[in-house]
Every structure is written in structure tokens, then in C-alpha cells.
Amino acid sequence: MILEALEREGVEYIFGYPGGANLPIYQHLHEHPKLKHILVRHEQGAAHMADGYARACGKPGVVFATSGPGALNLVTGLCTAYMDSVPMIAITGQVVSTQVGRDAFQESDVIGATSSVTKHSYLVTKIDQLPRVIHEAFHIATTGRPGPVLIDICKDVQQADAERVNTEYLEIPGYKLNGHVNLDGARQAAQALAGAERPVILAGHGVLLSHAERELMQLAEAAAAPVGTTLLGIGAFPVKHPLSLHMTGFMGTGWCLKAVQNADVLMMVGMRVDDRVTAKLSEFAPNVKTFIHVDIDESEMGKNVRPHIELVADARLALEAMVPQVTKVDAGRAKWLGQIDKWREEHPLRYKQSNGQLQPQDVLIDMYKRARSEAIVVADVGQNQIWAALWWNYDRPGLFINSGGSGTMGFALPAALGAKFGRPDLPVWCVAGEGGFVMTAQELSVAVEHQLDVKIVLLNNRSLGMVRQFQDDFYGGVRSQVDLTHMPDFVKLCEAYGLPALRVEKFEDIAPSFDAAERTKGPFLIDFRIDPEANVYPIVPLGKGLNEFREAPEYA
Amino acid sequence: MLEIKRTSAVVSPHPAAARPTSPHGGEVNRVRVLSLLVVDGQNTLTKVSGVIRRRGFHVRGISVGPSRQPGHSRITLQIDHGHAEADQVRKQLERLVEVVEVEDLTGDDVHNRELVVATVAASELDALLKRGAKVLSTGSDGTTVEFSGDADQVADFVNELARHGIVDVVRSGPVVMRKSE
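Keeping their order, the protein sequence lines are chains A and B. Going letter by letter, the first sequence gives residues 87 to 642 in the working numbering. Going letter by letter, the second sequence gives residues 6 to 186 in the working numbering.
This is chain A alone, in the form it adopts within the complex (with noise of 0.2 Å):
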């Protein structure tokens, strides 16, 4: 019944494990040869690899836990994809209805604990309600702003055998859709950006979701104005286009941060103002007349920032509707955009190159060389996803996958192989550091299996990187548990997997290890042991403004 549910919705590959309370449909699953289970080793691991299949290929991820610790190991995973509106179906066990309730073995709360994590969530007990929940679990999951639905399944329902029914029809009423453009609104919004005399616009994850990027690329180049894009907004805008400011937020390029806090109109596209975006709420884009914000979510509508022009809709159709009412752009733009240019000039990226120790942005740098936007890369938390973002030329949609608003340790290697099954015709490079690594590590049994050609770039500096930065920065450079000397051997380790790896030490190893990761069909691991004091820059200071961003020194 819920795999012929499944079929139905057009759902490809199922990430789960099975246990005590979901075992009536893994009985079943042999019957359904159009679904692929993929065996997981822990449950965090299926939530994740579902997050990056559905970030790689826009379908929804589709998960299997049975009840209790199986359903609760989710719950990291959910929330990764609730931050980052990713569309994903949790489908969870639970213990017979008359048990719950009960405190029955294995039997937990996983609604309670799992709705502030999802976008919906259902507990089933009767059969009769299963085909309209599930039909509408991937209506909810996929449409207005994304997220996860889990629905909860007794046990006795899964037995159950109920009548077909139709579900064409939907009837939620409680689900409002956004999606119409106030044309009005529209139209002020263009033409305060046009009219600007120093505009910019952001772009986020929303931009992405809605494949607005052509849109939001016609509206920056008819009106003249820069583009700087979120961290889960990267590929929104090529990185390498002259209005181009790369990534802002409290880690993004010099340039962009001036940009922004020196605009007099800012547009925020598909985006939630956070605080790794804003820094310091008080002092951000202070010279900004007219905030306009555009997002599906309403209730995105001034929780941060509070817009003076506000456009809840689609961000591919506000931008469609933006684009043909830009008439006069402002006679200074010239002037801005060459501002712009030298901001450029005076802080540019930079790293401290030839000390003897690998440098992280040499890697990426070659890495880049070769795959030349061709390929998917996904990135942990930490230190390497921000050298992931910002050495990167990102110039198409959907090539950088990362946990931008939960920040979850142990992300990339599931998500990786997830969006390797969501996009087997790119190459996928799975970029972390060890601290993340080891605590998904186990996921490596799924990309032996199923021969996955993911290649994983270890960025190891032998330590929790960015915790160790702050620590020296922010916190009177006391260096407190960040020490990570302790860890496997990673060659011997992926030996011990049946997967082929080398450590590189020298920079002059990077490109024979990356050509002996190219020859090599199936999953690969360079364990990259990096300079352990190199920084993530540029840094906004933790409760400071944008403009107190700090750079890399000068190297000579």
C-alpha cells in the first residue's frame, strides 16, 4: 500500500534502515523492483544522503526509519533540511495503535519531537487516512517554500490493506500557497532598484528552488545593479559576471560587504536575513532607504529585517514581473559600479601561499582547474565549506550543496552519495574536514557498495578548525578541545572499507593525487593534511557589523 503510494508519487531511490516497527513494508519491497532501497548505516546517514539527492536533482528525498531511536536518529537530518527548505519524505515506524501511549518498546513521541523540524508531520492509525496523507505529505514536501514531511505509520496500518482512492483531488485548507505577484509591488521594487543611486541585490537558497536565476540575471543587467548572493545561494549568480560581488554574509568577500553597507537599496531575493547574513542586526546595510524583500514565506516578511517594499511570492515570477518595469536606471550607476571595482581591488581573497605547508585554497584551486563548473561539490561545516564556497568559481545553478542554516557537522559524505544517486551524470567531490568526516563516516560501506564515483577531499588540519580560529580570535586565544591528533589513519581506514585513498602532504602531490583520483572509477579519498593554522578570511568578528570584517594579512 505505501510503496504502490510511493511508485505513484514517482519516487526512484528510498534511503532507510529497517527495524522492528516498519518490517511489514521492507516485506514487501522485493515487489517493487521500480524503488531502490538504499541500505544506510545509521539513520542520519539516510536523512542526509536524501537531503543531498533532492538538492541535487530537485525531486524529493524519500527516507525509511522504524520507531524509536530509528526515527529519532533523524531528527539532525530533518532539521538540516528544514533550515535549508529541502523537499524530503520521512517515512517512520511506530509501534502498533493500540500500544501507543503506552511507553511500548522502541515506542517514542517522533511527532513531538520532530515537528519544530518539519514542515508537516502526520501520525497514521488507520488505514483509511494512508493514501490521502501520503499523496499529500509530497504535495506539502514539494510545493510554496520546500521542507520535510514526516509521516508516522502504526505498525497495524502498514499490514492494512486499504481501497485505492483518488488523489487527484487535494484538499488542504489550512495550506496557503503563495505564489501571485502583487504587480504594484512589483513594480516599485523595480523601480526603486533601477532608480537607486548605490543598488544591490542578494540572492538566496529561493532563488535556486524557483530556477529564477535567468531572471534575477535579465533584472541585475537591466537595472545595473550588483548581485551578491547567501551561502545556499551560490550559483544563483556566476561568480565571474562583472556585477558579480561573490558571497556576503559574515564570511563573504570584502567587496560585497561594502557593497552592502553602503547601498541605498538593497533587494533580498529567496532569502531569510539571518544572522550569519546580517552579523551585527543593528548595524546592517545602514545606509539603506528602501529594504525590498522578496520571499514565498510570508512570515519571512520583516522577522529580521523589516522591508519597506515586500513581494511574497515565487522569486522567479517576481523577478519575471520585475524585469520589463525597469525603465531609467540612475545616472551615478556608473560611478557605484566603479566604487565597486575597487573595493574589488582593495580586498581581494588571498591566502598565504608557499610557507612550506599545503594550503587548503590550493587544493580547491586545483580542483576547480579540473572540473571547471562541471561538477557537484559538496561541502561539511567548518573552515572547508566557506574555502569551498569562496574558491570556487560557482558560475551555474546547483553545483554547491552545504548546510548553510543548521550548520550540521557530518553533512557532506551522506549528502554526497545522495546527490551522486540524484545526479549520476556529474562528477560529485565530497570536500570536509576530518572532525565532520568521522562522524558520518560509516556511510563509506554505501559508497563501496554501490561503487559511488564521489571522490572525497579531506581538508585535515588535524584539528576542529573553525572553533580553533575563534578560539585564537574571539576568545582569548585559548585553545580548548579543538585537538583532533586522534584520529584514524584515513588511508588505512578506507582500506579497511575496500576504498582506494591517498595522503598528500606536499603541494606538489595535489595534482598527481587528484589525476590518480580521476583514473579512479568509484569512490576515492585524499587525505589532504593541510596547514593547521590556516584561516578562513574574511571574518566578521562574532557580534560585530559587516563593516568590521576582517582579512587575511598581507602575504608577502
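Among the hints, erroneous ones may be present.
Here chain A is said to cover these stretches of chain B; the calculated rule only asks that three of the stretch's residues, wherever they fall, bring their Cβ under 8 Å from a Cβ of chain A [stated by the list, open to error]:
#1 39-51
#2 98-107
#3 159-171
Computed far set for chain B versus chain A, every beta-carbon distance over 12 Å [unchecked claim]:
#4 Q74
#5 G76
#6 G112
#7 L120
For the record, the hints were derived by calculation from the structure and aren't laboratory data. Since this is a predicted model, take the numbers as computed values, not measurements. Even glycine gets a Cβ: it sits at the ideal position worked out from N, Cα and C.
With the hints as your guide, set chain B onto chain A.
For chain B alone, kept in the frame of chain A given last:
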């Protein structure tokens, strides 16, 4: 020039006597009265209260009852929105799939009724009856009366009761409806 539209918080006529303390300091103008039409379900109240807790809002009054529509209930909430923009409470609640609609009933053009049931010593009932209280029952430990009114009137009534030696008292949350035009 562009027209700048901003929502302004409406001041609630909530009486000082009935004002519960709020974790955010209890500013009167941070209270909003919302009327929610919700789908009946096991999780509905949990979801609604979850949003309120997670977003840092604080419930001052709540009442729940069936609505005219079968399968739907009406929840009336008095909420302190704390540091958030006033309209955030409504927006956050409207996001919930269980919530069909949210109407902001903050302001003066509404009927805001609360109910109090109290048992008092049998003597001196006259003053209470004069205020409009109705006797529900009389027993050996006192007389039980009911009274309904707006928050001010109910608060006054409870103050009045105190002088008559309250045996027990219970108060409902508010039910609020917009005045007919």
C-alpha cells in the same frame, strides 16, 4: 516617492488588574488577540503551542471550542509577541498546515468575553447578583455563581468576590468576535 507601508501594533485594552506577568516584561501593547480556525487533529494544539514557544511568544489567554464548520475548531489566543514584530505571531501561525485562517482581533471593535465560576459563602449574594451573576447551585459549603463579561468586568467581579470569601474560583480564557457592523 515610494509609499512605505508599515503595520503598526494596536494597543490592547487589556486591564491592568487581569494582566498576567510575561517573560518579556508584560508591555500591554505587545499583546495581540488572534482568532484561529484550525483543523481538528491530534497534533493541532501541539503544533500551535509549539510555534508560540519556539518563536518566543507567550500565551496570556486561550480558549478552544468547536467551530461552525464540522471538523474545525476555533482557538482564541491572547499572545504577547515579545521582541518580534507584532504581525509575526499571525504569520508564524498561518504557516501551519493545521491552521486554516488567522484573524487579528486586537482592538476595540470586538466582543471579548470571559467566564468565571465561583463558589462563595452563602451570605451577601445580593451584590453579586446585582452585577449580573447567576446562581448555579447552593450547597453546604457555599453558593456557586457564574458571571461573564469582558476582561475588565470579570476582573472587577473577581475582586468583588474576594470580599465575600471565595471558596473556589475558575476563569475561562477569552472568546472574541468582531462586532457586527
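Quick rundown of the hints versus the structure:
| no. | hint | result |
| --- | --- | --- |
| 1 | 39-51 | holds (count 5) |
| 2 | 98-107 | holds (count 7) |
| 3 | 159-171 | violated (count 0) |
| 4 | Q74 | violated (9 Å) |
| 5 | G76 | violated (9 Å) |
| 6 | G112 | holds (20 Å) |
| 7 | L120 | holds (28 Å) |
Going through the hint list in order, the structure does not satisfy hints 3, 4 and 5.
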